[in-house]
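Protein chains in written order, with our numbering: chain A, 1 to 387; chain B, 1 to 415.
Check each hint, because a few of them may be wrong.
What the hints assert, rightly or not - BS3-like cross-link-like pairs, simulated, lysine-lysine; straight-line CA separation at most 25 Å:
id	chain 1	residue 1	chain 2	residue 2
1	B	Lys-255	B	Lys-229
2	A	Lys-41	A	Lys-227
3	B	Lys-291	A	Lys-41
4	B	Lys-295	A	Lys-41
5	A	Lys-263	A	Lys-227
6	A	Lys-357	A	Lys-270
Since the hints were made in silico from the structure, they are not lab data.
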Amino acid sequence: MKEVAVIGAGMTLFRRHLKETGKELSFLATKMAMEDSGLEKDDIDMVVMGSAPDAFDGIHMKGENLIDGSAAVGKPYVRVFNGGGTGVFAPIAGWWHVASGVADICLVVCEEKMGNCYPHPQTAFRHIWDPILDRPLTPNLVWLFAMEMNRYMTVHGIKKEDIALVSVKNKRNAVGHPCAQLADPNITVEDVLNSEIMAWPVNRLDISPPSDGAAALIFCNRDIVHKFTDDPIYVAGTGWSIDSTMWTNRDLYFPRYVAQAAKMAYKMAKIENPRKEIDFAEPYDPFSYKELHHLEGLLLCKKGEAPILTREGVTQRDGDLPVCPSGGLLGVGNPIAATMGQKVCELYWQLKGVAGKRQIPGDPRIGVAQAWGDIMQMGTVILLRRG
Amino acid sequence: MTDRQVCVIGIGFTNFNSITPDIQWKEIMYEACKKAYVDAGIDVRRDVNSFITCAEDYWEGFSIFDEFVPDQVGALLRPCCTVCGDGLFGLANAYMQIKTGHINIVAVEAHSKISDLLTFGDIMLHAFDPRFERPVTGPVERPNYGGSPEYTPEAPKPLVGSSDEKERIHPYFMAGLEMQHYLKTTGTTEEHCAAVVVKNKKNAFFNPYAEYEAQISIEDVMKSEYLFKPVKRLDISPNVDGAICFVLADDRTAKNLGIEPIYLSGFGYSSETPWLGTRGMNAGYATISAKMAYKMAKIVEPREEIDVVEVDDRFSFKELQHLEALGLARPGEAKQLIEEGALEINGSIPTNTSGGSLGVGNCFEATGMQKALEIVMQLRGHAGKRQVANAEVGLAQAWRGIPSGSGAVAIFKRG
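Isolated chain A, as found in the complex (with noise of 0.2 Å):
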């Protein structure tokens, strides 16, 4: 196996962007990874592009239409799908394409562009469910995360309260992100509280914007990093899991595939205390009670331990354990698969101490991200680690 080396990074604003293309979104965002590496187009070998459902850019086979924004003409170049959490599996796929040998340089490309839904990208949702057991009971996305929200709640006595300190963190983290979309540095938990009931217990202010946007990463064997850097950061480790189809058949209040994503990628990384080992996590954030349910996933807390450490400060930029100290998809916003922005390419700025005034004190040596996908039951864990 070949050790993968992280070389540069893109992202673009994050915004409603109707202006731009799916394409100019992916192109704006290569450009930057690539002059962030100092890579020219020819130095690539080999393309992987995620993004999420084709019916929110109304094209078919929306992967071919974004070959040229890519830089992938005339290069082997796959699109990578698993709903919401491909924004981390893109770039897990990115690290098979050089830990294989097969490539030497891989680009991985993410791109979203919900704003083509008219009115609201929750439509396109309204065919993610199954056509005979679902459909008929016209669900949504919000009404759906409301039940599981309330089943956290309910099993572990959680208080609206400490899931809308969340909302407050990530909104006020993300006030120093140059691509944010929702940053709000006097945004308080009564504002949260007070804001529209969406299906409850979820407030407008729980949820994160849907948005345009895209991101890219360089991937680059260890064996020739020396000559883009002198620093590199690695990929620890890689995990991945799905659970049934059937979401009615099991119990919401744990995310037991994120558990077993995070052991894969721990294992590979020869972690065996993820609290203790691990310097800063960007777990998934779509709505408020993900970050929370997400750490209890990713072994960082003890199930029902999240909120507490939220409340405490644990969770702050400069608290023991910080989380989404990029804003997350609450601040930044959340285009789907664009949202390894916020994610995998935080880790990497984070690492490299380049995250300007999002970075976090001391010194971090290690990180993990994680998203999440399909009906809730989709995570995907990456960690990356300084030299």
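Here the structure of chain A is known, so what remains is to put chain B in place on it, guided by the hints.
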């Protein structure tokens, strides 16, 4: 650990049928996977480390098809993902996963349940660039941003859903353009292409799972009507439903299981520009992927070293075009090969012995898998009446279909 080899240890497939209204996509996937696990002699819940499905959302009719995969392939709480591409792209990713040294056994599944689609042509049209290319195919319902559109008796609502709509051109027109180019630049005639149809539909008689076998003559093909001139009705491979599963493993695991492995010794894939207007018409994707695969499999003289070939023949001329692009024939030479009978089962380059897409049917993302399946059966010596004598090395090639410019090649060798 990168010196470990990757081999096929199990194959499973369903029968291929033109329509399957009685079963769900989950059922055909289950059948193919179960057969593959039995073939490999493994317990899926204990032994398989990773699962890959090759699917596109729009073909399946879902927004996130990945959700509907794990149960029937046995992937609960296991690594599982979707590769949006042909089955050969899935095999390539499985190869890379195994080569990392962290994963030993991978199951790759691809299927077609295309008969569920009522709007085949319109879905395909959705793969064209919405701004520049879709309008080329004729009047499409205009987006109405102000609310629901108003239709008058003089300008009624277009028949959305009918691919045969008179005023809209079916995306297969691309094949017509490309065939014209191919015929003109190589001096191939429509009769040569018709001979491909005759050969493949004849081969399909010996293939129990093929759906579209037929005893026809070149005249029959020439008499069928032009749909996208010069493409005639019988030049097009008809759609088919079915599922295929491969189990791949590293050579040591295969040895421990006591299986005589078929090695996946090389693969290649490549994409041309998505812009139809600036793309070449010579299957450049096949040339680049073949180059990559030959290098990986250490093949110098493909014509000499490869014993059996399965190339994409979703349109009859594509078989000839792909043979040239793969370097198995010189440019313009393929017409001679089909004339001389070199592409027959007992010829010098046995091509599409399974019946190809013309004989088996167009199985969309499973097309490459069907090609690879035939190669593995040939190398195992399990191909029955269509067996090629002494087959040691085989090549499978597939293209992602209109309007894509992506394709893949896989090379298999007997252990």
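Now the hints, each set against the structure:
1. A hinted pair counts as satisfied when its Cα atoms are at most 25 Å apart, and Lys-255 of chain B with Lys-229 of chain B does not qualify at roughly 52 Å.
2. Of the pairs offered as hints, the one joining Lys-41 of chain A and Lys-227 of chain A holds, with about 16 Å between alpha carbons and a cut-off of 25 Å not exceeded.
3. Between Lys-291 of chain B and Lys-41 of chain A the alpha-carbon distance is near 20 Å, which keeps this suggested pair within the 25 Å criterion.
4. A threshold of 25 Å between alpha carbons decides the hint, and for Lys-295 of chain B with Lys-41 of chain A the separation of about 22 Å falls inside it, so the pair holds.
5. Distance restraint check for Lys-263 of chain A and Lys-227 of chain A: the Cα-Cα separation of roughly 33 Å exceeds the 25 Å cut-off, and the hinted pair is therefore not satisfied.
6. For the suggested pair Lys-357 of chain A and Lys-270 of chain A, the alpha carbons sit about 31 Å apart, so the restraint of at most 25 Å is broken.
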